[in-house]
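Mapping of the sequence shown onto my numbering: residues 1 to 206, in sequence order.
Heads up, none of these hints are tricks.
The calculated label-pair distances, taken between Cβ atoms and stated as ranges, are:
no., residue 1, residue 2, range
1, 49, 161, 39 to 47 Å
2, 37, 145, 20 to 28 Å
3, 101, 150, 23 to 31 Å
4, 46, 108, 36 to 44 Å
5, 164, 45, 40 to 48 Å
6, 27, 83, 15 to 23 Å
7, 126, 161, 38 to 46 Å
8, 130, 104, 31 to 39 Å
9, 95, 51, 45 to 53 Å
These aren't lab readings, by the way, just hints derived from the structure by calculation.
Think of the CB as a built atom: it goes at the ideal place given N, C-alpha and C, for glycine as much as any other residue.
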Amino acid sequence: MISSRWISRMSCSPLVYITFSLTMSDAWMCLSMGSSFILQSYLPYVWHISISNSLCFGLAYEAIRMGAMITSVLHLMLLAVSHYLSIMHPLRYRSLLTPEISLLCIVLSWLMPTACFLLFFSMVPGQAFLSSECSEITFFCMLTFRAIVATLICAPLALCILIYMRIFYVALRSQRRRRRNEGNTSRVRRSYNFKAVVTTGLVLGK
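Could you build the full structure based on these sequences and the hints that come with them?
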């Protein structure tokens with residue numbers, strides 16, 4: 001996100017944009033999860049050092065951490081879609097996935113997950129940000145909330161698997177077709193050579 005303005009000045013393909021942003025999203029996810037462990041678990045319970053006594057701060061940080069996970073997964077899906085378009089539609093790839101479209105998808109992948117979690121935490125009646133000092137967070141244990149989070153993580157990963165299975169199937173079918181054509185060409189070439197030898201022998205025999 002910080003270097004997106006610098007990258008936009010470079011003449012790069014959408015795949016480069018997505019790959020670079022994927023690297024940044026993975027680094028951001030590791031940073032958010034590592035810092036969450038240090039600030040919310042290690043320092044308070046091991047060293048008895050509390051960075052903030054506000055439960056709302058911890059809840060907001062949890063939204064950022066969960067959003068970072070979804071951001072990384074969405075980047076994997078964008079990368080799979082880019083690979084699919086470049087392999088299945090190589091001549092139309094530049095028109096289907098322009099740098100502007102790829103940058104828009106990248107920005108949405110960065111902003112939407114965290115924003116949606118913050119919005120959701122602000123809409124649960126009597127809980128999260130709507131409770132007294134953000135003390136009510138029982139919705140975290142609800143099956144509905146866990147199912148939603150699991151779907152947000154598993155659905156893009158499942159789509160990635162389907163995309164790469166499709167690419168593998170097309171590549172395998174193309175390879176078999178090429179081998180079949182090469183076999184037919186070899187048979188035709190051998191038949192042509194045999195006929196040429198026979199013709200030469202008949203001519204020389206005369």
